[in-house]
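Enquirer: Sequence:
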Amino acid sequence: RAFVVAIMGTALPLVTGMGLVAAFFPGHLYPDGFAAGCALAPTSVGISIKLLDDAKMLNSLAGQTTLTAAFIDDVFSLILLVVLRSLADGNPDVGVIVGKLIGAFAF
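Numbering of the sequence shown is given in UniProt numbering, commencing with residue 1 and proceeding in unit increments.
Hints may contain errors.
Pair by pair, the computed Cβ-Cβ distance ranges are [what the hints assert, rightly or not]: (1) Gly90 to Ser60: 30 to 38 Å; (2) Asn59 to Leu29: 37 to 45 Å; (3) Leu29 to Leu61: 37 to 45 Å; (4) Leu29 to Ala55: 32 to 40 Å; (5) Leu81 to Met8: 26 to 34 Å; (6) Tyr30 to Val98: 26 to 34 Å; (7) Leu84 to Val45: 14 to 22 Å; (8) Val98 to Ala62: 31 to 39 Å; (9) Leu29 to Ala106: 29 to 37 Å; (10) Ile102 to Lys50: 41 to 49 Å.
These aren't lab readings, by the way, just hints derived from the structure by calculation.
We put the CB at the ideal spot given by N, CA and C, even for glycine.
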């Protein structure tokens, strides 16, 4: 369940950012729209923890699902940022991107 929530939590801001850039700046969907979407994708786990704790829901199923999804969403967001950085470097080679991801997770 948390995985599906995390996918949606990454995909919706990404698509929203790309859509807004495409609407206001036609012809700039890539890479500008992708960059805007990547900027909107990360979540604030700290705020989620504080709000769930204040509502006494931190240990509930909804609270645990929310926190797990937020952590997974942040991992997806980091992956998007690695892809964005590789595209910005002018090196969209899949092997280079995978190598950077492995290096990031190993660190």
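Enquirer: Each hint should be assessed against the structure and marked as holding or not.
Expert: To see whether the hints hold, each was checked on the structure:
1. Gly90 to Ser60: 30 to 38 Å: Distance hint for Gly90, Ser60 is violated at roughly 47 Å.
2. Asn59 to Leu29: 37 to 45 Å: For Leu29 against Asn59, whose Cβ atoms are near 42 Å apart, the range 37 to 45 Å holds.
3. Leu29 to Leu61: 37 to 45 Å: With Cβ atoms ~38 Å apart, the hint holds.
4. Leu29 to Ala55: 32 to 40 Å: Since the Cβ atoms of Leu29 and Ala55 sit about 39 Å apart, the hinted range of 32 to 40 Å holds.
5. Leu81 to Met8: 26 to 34 Å: violated (19 Å)
6. Tyr30 to Val98: 26 to 34 Å: violated (21 Å)
7. Leu84 to Val45: 14 to 22 Å: Check passed, 21 Å falls within 14 to 22 Å.
8. Val98 to Ala62: 31 to 39 Å: holds (35 Å)
9. Leu29 to Ala106: 29 to 37 Å: Distance hint for Leu29, Ala106 holds at roughly 33 Å.
10. Ile102 to Lys50: 41 to 49 Å: Check failed, 33 Å falls outside 41 to 49 Å.
Checked against the numbered hints above, the structure violates hints 1, 5, 6 and 10; every other hint is satisfied.
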